[in-house]
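Generate coordinates for the entire structure from the input sequences, incorporating the hints supplied.
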Amino acid sequence: MKLIPDADSARFREEARTWLAENVPREPRPSGGEALKEFDQEWQRRQFAGGWAGIDWDVEYGGRGLSLLEQVVWYEELVRAGAPRESVFAVAFGHAGPTLIMRGSEQQKEFYLPQILRGETPWSQGFSEPGSGSDLASLSTRAVVDGDELVVTGSKIWTSYGEYSDYGEVLVRTNPEAQKHKGITWLIMPMHLPGIDIRPIRSIDGFPHNCEVFYDEVRVPLANVVDRVDNGWSVAMSTLSAERGPGFLDHRLSYIRAVDDLIEVARDNGRLRDPAIADRLAQARAATAALRSMAYYQVTSTTKGAQPGPETTAIRTFFVQVQQEVARLALDIVDTAVLEWSHTTREWLADFSATIAGGTIDIQRNVIGERVMGLPR
Amino acid sequence: MKLIPDADSARFREEARTWLAENVPREPRPSGGEALKEFDQEWQRRQFAGGWAGIDWDVEYGGRGLSLLEQVVWYEELVRAGAPRESVFAVAFGHAGPTLIMRGSEQQKEFYLPQILRGETPWSQGFSEPGSGSDLASLSTRAVVDGDELVVTGSKIWTSYGEYSDYGEVLVRTNPEAQKHKGITWLIMPMHLPGIDIRPIRSIDGFPHNCEVFYDEVRVPLANVVDRVDNGWSVAMSTLSAERGPGFLDHRLSYIRAVDDLIEVARDNGRLRDPAIADRLAQARAATAALRSMAYYQVTSTTKGAQPGPETTAIRTFFVQVQQEVARLALDIVDTAVLEWSHTTREWLADFSATIAGGTIDIQRNVIGERVMGLPR
Amino acid sequence: MITLVPDEEQREIAKSVSDFLEKSVTIATVREQSLTPDGVSEDLWASYADLGWLALGVPEEVGGVGLGVAEEMLLFVELGRRLAPGPLRTTILAARIAAAAGREDLVAELVSGERRAGIAVGDLVVDARPGDLLVVLTETTGSLVEVAATEPVDGVDPTTRVARATRGATAVDVDGPFLTIARIHAAAELLGVIEAVRDMSAFYAQTRQQFGVPIGTFQAVKHRCADMAVAAYAVRSQVAFAAVKFDAGEPDASFQAASAYALAARHAQKSTADNIQNHGGIGFTWEQDSHLFLKRAHLLSRLLGVLRDTYEVVLEPPRNDFI
Amino acid sequence: MITLVPDEEQREIAKSVSDFLEKSVTIATVREQSLTPDGVSEDLWASYADLGWLALGVPEEVGGVGLGVAEEMLLFVELGRRLAPGPLRTTILAARIAAAAGREDLVAELVSGERRAGIAVGDLVVDARPGDLLVVLTETTGSLVEVAATEPVDGVDPTTRVARATRGATAVDVDGPFLTIARIHAAAELLGVIEAVRDMSAFYAQTRQQFGVPIGTFQAVKHRCADMAVAAYAVRSQVAFAAVKFDAGEPDASFQAASAYALAARHAQKSTADNIQNHGGIGFTWEQDSHLFLKRAHLLSRLLGVLRDTYEVVLEPPRNDFI
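Respectively, the protein sequence lines represent chains A, B, C and D. The first sequence begins at 11 in this note's numbering and counts up by one. The second sequence begins at 11 in this note's numbering and counts up by one. The third sequence begins at 8 in this note's numbering and counts up by one. The fourth sequence begins at 8 in this note's numbering and counts up by one.
I should point out that these hints are in silico values taken from the structure, not numbers from a laboratory. Do not take every clue at face value.
Claimed, not checked - 20 Å max Cα-Cα, derived EDC-like pairs, lysine to aspartate or glutamate:
1) B:Lys12 - C:Glu19
2) B:Lys12 - C:Asp259
3) A:Lys12 - D:Glu15
4) A:Lys190 - A:Asp237
5) C:Lys277 - A:Asp270
6) B:Lys190 - B:Asp240
7) A:Lys12 - D:Asp14
8) D:Lys277 - B:Glu335
9) A:Lys47 - A:Glu96
10) C:Lys277 - A:Asp342
11) C:Lys277 - A:Asp237
12) C:Lys277 - B:Asp240
13) C:Lys277 - A:Asp215
14) A:Lys192 - A:Asp145
15) A:Lys12 - D:Asp259
16) D:Lys277 - B:Asp361
17) B:Lys12 - C:Asp14
18) A:Lys12 - A:Glu25
19) C:Lys277 - A:Glu335
20) B:Lys12 - C:Glu257
21) C:Lys277 - C:Asp206
22) A:Lys12 - D:Glu257
23) A:Lys47 - A:Glu37
24) D:Lys277 - A:Glu335
As structure tokens, this is what we get:
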């Protein structure tokens with residue numbers, strides 16, 4: 011528990027800040043289509059070229075090989091610079107990359123990781139199914155071994171950026187006879203294979219945030235299995251722990267800026283003089299401050315490369331509640347906001363997914379109760 | 011759905027109001043001891059003498075034989091007149107009386123009900139046990155038939171006013187072999203019998219709101235069984251539905267007055283100009299208004315004499331949350347209240363029991379989910 | 008004599024409304040009509056008029072049905088439950104305002120379905136087209152203003168039209184407790200929303216299986232469902248109490264109405280959000296109906312001005328004197 | 008270089024505090040001493056001084072141990088967890104104020120245990136006896152005022168003394184971020200409270216059986232326990248961040264400290280209330296310890312003035328600039 015300002019850290023932050031000031035895209039991110047994918051790819055390519063891709067990834071896969079602490083600083087500076095927050099590379103950096111680093115074969119790491127860093131191949135996630143949400147392990151998308159291929163049939167849902175992705179991390183059932191957690195395989199799915207049909211799902215804010223993906227006898231090489239056949243549940247747990255790790259930290263930190271902005275709006279429109287608003291803003295700001303300190307606590311209590319522990323679920327549970335409170339607060343600060351379509355109402359609607367997507371908050375609280383507090387299932 | 015002002019109703023309210031203005035005790039209620047019991051008895055005797063006891067109880071047992079509507083009006087006028095709110099007769103009127111009316115024998119009704127109305131015999135409740143709280147049906151206080159007596163051994167807990175009561179409504183296990191709901195008997199326990207030891211329990215506000223009662227081979231006549239041996243669970247359900255019925259309505263309505271008072275305090279000390287306080291006060295007042303309208307809805311949708319349905323649990327669940335919010339609000343309105351002992355802090359502490367006593371709110375919400383909404387157990 | 012339970016005649020009114028809506032205004036209809044310019048078809052609007060819904064609370068002597076706010080409450084509960092399209096709430100209010108001013112001509116135009124009314128909210132208008140009337144309310148007055156022109160803006164509730172309007176002449180300006188009536192109507196419509204999501208959540212919790220059991224087995228889901236049932240019971244009691252108090256001309260009607268609206272707004276917002284949570288991923292999709300109820304709940308909670316105006320009325324009486 | 012995890016030396020400080028308290032300050036001790044006039048025995052107070060706890064953050068050159076707020080944080084977490092009796096929080100603060108003013112005489116009196124300090128809250132004082140010092144704080148200054156006389160009033164937290172005081176001379180009045188330090192201390196003590204009730208609830212939920220299973224099986228109980236674990240993690244992170252920022256002299260230390268205190272106060276109040284609910288009937292008794300934690304949480308949330316003073320500091324910076 012110590013903070014000693016040192017020249018190296020200061021220089022890293024300074025360089026990041028300077029580079030970002032000059033390189034963050036100024037043009038707005040396209041709202042969809044190939045233009046969106048190209049925008050995200052170009053921004054990722056630029057970061058790679060500048061030496062800012064994969065700060066904590068190993069040098070041999072194209073990363074910078076620095077510590078998690080520098081990775082946190084980089085995320086802070088991204089948010090500070092107003093860099094694009096969303097990216098079709100989110101799953102690649104937050105899920106697939108860390109999973110491959112933890113569980114992939116040497117060949118897989120060498121092949122896939124550099125492509126991500128260079129901004130070539132967006133990834134998407136295929137875990138949930140229409141019948142398997144909270145109860146992920148009950149998934150039923152089938153994969154049958156046929157020679158040196160797996161033949162995949164079924165469907166996946168809530169796949170963000172599915173239509174832009176080149177690869178998918180997909181869980182399939184390879185052994186329907188085994189106990190439900192034991193017959194699952196984690197598969198690298200090339201998303202352009204024949205037999206794959208991707209259909210966008212419109213969300214409550216009117217935008218297609220994710221897709222349903224249908225697999226009809228899609229043939230995938232066995233070499234695309236991560237770890238081994240039927241051991242995918244354990245790999246998926248690595249993925250989910252990574253998801254809740256510092257991977258998506260820029261998203262969490264962006265809520266610091268969201269509250270900064272809200273305070274400014276409320277100061278301008280006078281609502282900050284309303285204690286019913288000011289009290290909530292103060293609590294929201296304190297909570298977003300904690301989002302940052304939790305990241306520092308996490309990275310300074312975790313050995314690099316270790317699988318993040320259940321505390322990552324605590325961070326996530328805390329975060330999703332902050333998200334929704336900030337969104338509601340924004341609505342209450344802007345007077346007739348709830349009637350008129352705006353950035354504020356869209357965020358408010360979009361953030362309803364915070365306590366659902368990637369595991370409902372009910373399940374997250376179960377996990378914390380059981381794994382952190384030792385309560386019975 | 012109609013309100014037609016009529017002369018009879020108006021006269022009833024007017025008479026009640028006039029009588030109460032002249033008869034409500036002006037001296038403060040003693041804080042304990044025999045003086046407290048005598049005070050409550052005297053006030054009940056006076057109501058009986060004035061013709062205001064058991065408004066909706068049958069005339070043959072000493073009641074007025076009027077409708078539930080007049081009973082509601084009487085409670086309203088009690089609160090309006092600032093009549094003593096708590097009474098050692100609360101269990102007698104809210105629990106035991108209604109249970110005997112629904113489930114007692116003619117002899118039991120004739121013997122016990124008039125005593126209650128005349129202010130003679132306070133009752134207490136002996137349902138919960140140290141090992142049986144939410145899971146009431148797991149109770150283990152034993153009663154063995156011996157001739158024409160039951161011999162009771164065990165202990166009961168959370169017995170309010172146990173030390174002042176002449177009778178107790180006590181659940182005992184008469185058949186340890188039967189399924190747990192099926193071996194229970196509802197017993198009228200004379201509380202002065204040998205072998206009964208009553209020990210007060212100090213609550214978090216420092217006062218002994220209730221007792222633990224120990225039974226050591228206490229011999230009770232079999233004639234004191236209500237309904238029949240081993241059928242006590244069903245009788246207890248009648249008791250609990252009565253508890254949540256209009257029986258304790260004066261308690262609920264008193265929160266209307268509590269919010270009136272808080273608004274006055276907040277107006278005087280300036281906190282009403284603080285929207286963070288005013289918004290909550292308005293919502294609390296709207297909620298207490300609903301406590302009253304829920305009583306009207308309940309009594310006008312229930313046939314007199316019928317066992318109250320699961321909607322009574324909804325009323326109770328709503329009420330206990332209002333209680334705690336009002337108590338917290340009071341704390342926030344008085345500046346340093348949380349440091350200094352006062353009526354406000356005492357109420358705040360006392361109201362922590364609202365979501366625990368008589369069945370935790372967790373269990374109440376289960377009951378509503380299962381019995382009202384048809385959800386699986 | 009007081010009863011908060013509908014009598015037979017009232018039950019029949021509720022049933023006739025419910026029967027018509029069940030047949031003619033399914034959620035598919037609501038979605039279809041939300042894509043039309045006015046948000047409601049000419050045919051459906053004409054049906055509302057033919058069924059007498061727009062005239063329910065208007066006195067017989069000016070061409071109305073002559074029933075009370077209690078009966079209107081029953082209508083609005085059903086409208087809320089079905090998310091019925093079209094500006095009934097404001098047109099019905101406009102007819103009452105016109106009637107109070109003795110403007111039988113306007114009453115006739117409104118209750119026949121010929122003319123519609125929207126309402127002013129801040130600097131926006133809801134459900135008002137050029138040529139329509141605009142309801143403008145204070146605690147003690149109601150006005151009807153001609154709508155000269157409108158400039159549409161995107162609204163949040165897809166079944167409702169929002170615009171900025173240029174106002175024309177004031178057609179009517181009359182004293183009366185129209186805001187109290189509007190609060191009871193809105194609270195009733197919000198009650199319908201709460202009851203609808205309560206039933207949706209209960210059905211989904213009974214049928215959706217995870218971990219080999221219906222999700223209603225899990226306390227978190229079960230408790231959110233229970234909270235909706237509790238909210239529905241409390242709000243129904245309070246709205247009914249306010250309605251009968253109003254119809255009987257009791258002096259605390261405005262307090263009871265404001266309490267009903269404050270309570271309904273709070274619980275409708277919570278219940279509709281909890282309903283999304285209960286549905287998980289599917290509840291977050293446009294194709295599932297949860298979001299429509301959420302948006303309607305928020306619209307209705309803002310339609311009569313900021314809630315603090317209502318709170319002021321709730322806080323006004325020094326004492327609840329049990330009249 | 009930053010780390011929010013205690014290093015070996017810090018872990019040893021925490022362990023030595025914890026070991027002493029485990030041996031000498033059980034909850035039975037806390038209850039016993041709560042019945043004494045001062046709320047803490049002379050012996051125990053002397054032990055605190057002997058152990059160096061009162062001098063931990065005082066510079067070595069004026070007779071202190073010379074450690075930082077980070078180390079004090081670890082002390083206060085343990086004190087909060089054990090509800091340690093006696094005005095450590097205010098006496099430690101007073102020693103820091105005296106040290107900043109160069110008043111070595113007062114420092115010596117305070118860290119030796121000879122003299123104690125309480126604090127002024129509104130028109131009350133907490134833990135101040137005649138002859139003690141009274142800590143009076145503003146955002147930028149700290150003062151020590153002689154306590155001339157006191158008139159005890161009944162307090163809510165039985166382990167703390169509340170009174171009205173007649174103030175004497177001002178002994179010290181010096182510039183410094185003492186309120187920031189006090190917020191970190193109080194937040195740390197609140198963290199100890201949260202961790203204690205988290206562990207109490209988890210233990211009870213694992214062991215108390217109803218319906219044939221431990222009550223921790225039920226989601227309502229489980230989720231309340233989980234919320235405490237989440238709160239503890241968030242508060243620990245933020246308090247540690249504030250502490251190291253303060254010790255490093257970073258300009259955002261006051262913001263981070265105010266955030267830590269606001270967060271800790273909110274979650275300690277909720278966690279201690281939830282802990283009572285988790286315990287059911289027994290949690291509502293005086294003999295069980297839940298209420299002591301509840302009352303301590305509320306005391307600490309009010310000790311540094313109304314929370315809105317802290318909120319103002321939280322809201323002050325226009326931007327969080329990630330320094």
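Hints versus structure:
Straight-line distance between C-alpha atoms of B:Lys12 and C:Glu19 comes to about 15 Å, which keeps the hinted pair within the 20 Å bound. The straight-line distance between the Cα atoms of B:Lys12 and C:Asp259 is roughly 15 Å, inside the 20 Å bound, and the hint therefore holds. For a cut-off of 20 Å, the pair hint linking A:Lys12 to D:Glu15 stands: about 12 Å separates their Cα positions. Distance hint between A:Lys190 and A:Asp237 is fulfilled; the C-alpha atoms sit about 18 Å from each other, no more than 20 Å.
Distance restraint check for C:Lys277 and A:Asp270: the Cα-Cα separation of roughly 27 Å exceeds the 20 Å cut-off, and the hinted pair is therefore not satisfied. At most 20 Å may separate the alpha-carbon atoms for a hinted pair to count; B:Lys190 and B:Asp240 meet this at roughly 10 Å. Our distance criterion of 20 Å between C-alpha atoms is met by A:Lys12 and D:Asp14, whose separation comes to about 8 Å. Proximity of D:Lys277 to B:Glu335 is assessed by CA-CA distance (about 13 Å); at most 20 Å being required, the pair is judged to hold.
Between A:Lys47 and A:Glu96, the direct Cα distance comes to roughly 11 Å. Compliance with the 20 Å bound is thereby established for this hinted pair. Using a Cα cut-off of 20 Å, the hinted pair C:Lys277 and A:Asp342 holds, with the two alpha carbons roughly 15 Å apart. Taken as a hint, the C:Lys277 and A:Asp237 pair is broken in the structure, with Cα atoms around 44 Å apart against an allowance of 20 Å. Distance hint between C:Lys277 and B:Asp240 is unfulfilled; the C-alpha atoms sit about 44 Å from each other, more than 20 Å.
Pair hint C:Lys277 plus A:Asp215 holds up; C-alpha atoms about 18 Å apart against a cutoff of 20 Å. For the hint pairing A:Lys192 with A:Asp145, the CA-to-CA distance comes to about 14 Å; that is within 20 Å, so the pair holds. Proximity of A:Lys12 to D:Asp259 is assessed by CA-CA distance (about 15 Å); at most 20 Å being required, the pair is judged to hold. For the proposed pair D:Lys277 and B:Asp361, the alpha carbon gap of about 15 Å is at most 20 Å, so the pair holds.
About 8 Å separates the Cα atoms of B:Lys12 and C:Asp14, which keeps this hinted pair within 20 Å; it holds. For a cut-off of 20 Å, the pair hint linking A:Lys12 to A:Glu25 is broken: about 24 Å separates their Cα positions. In summary, the hint linking C:Lys277 to A:Glu335 is supported, as the alpha carbons are separated by about 13 Å, within the 20 Å threshold. The straight-line distance between the Cα atoms of B:Lys12 and C:Glu257 is roughly 12 Å, inside the 20 Å bound, and the hint therefore holds.
With a CA separation close to 15 Å, the supplied pair C:Lys277 and C:Asp206 stays within the 20 Å bound. Our distance criterion of 20 Å between C-alpha atoms is met by A:Lys12 and D:Glu257, whose separation comes to about 12 Å. For the hint pairing A:Lys47 with A:Glu37, the CA-to-CA distance comes to about 14 Å; that is within 20 Å, so the pair holds. Annotation: proposed proximity of D:Lys277 to A:Glu335 holds, straight-line Cα distance about 17 Å (limit 20 Å).
Violated hints, in rising order: 5, 11, 12, 18; the structure is consistent with all others.
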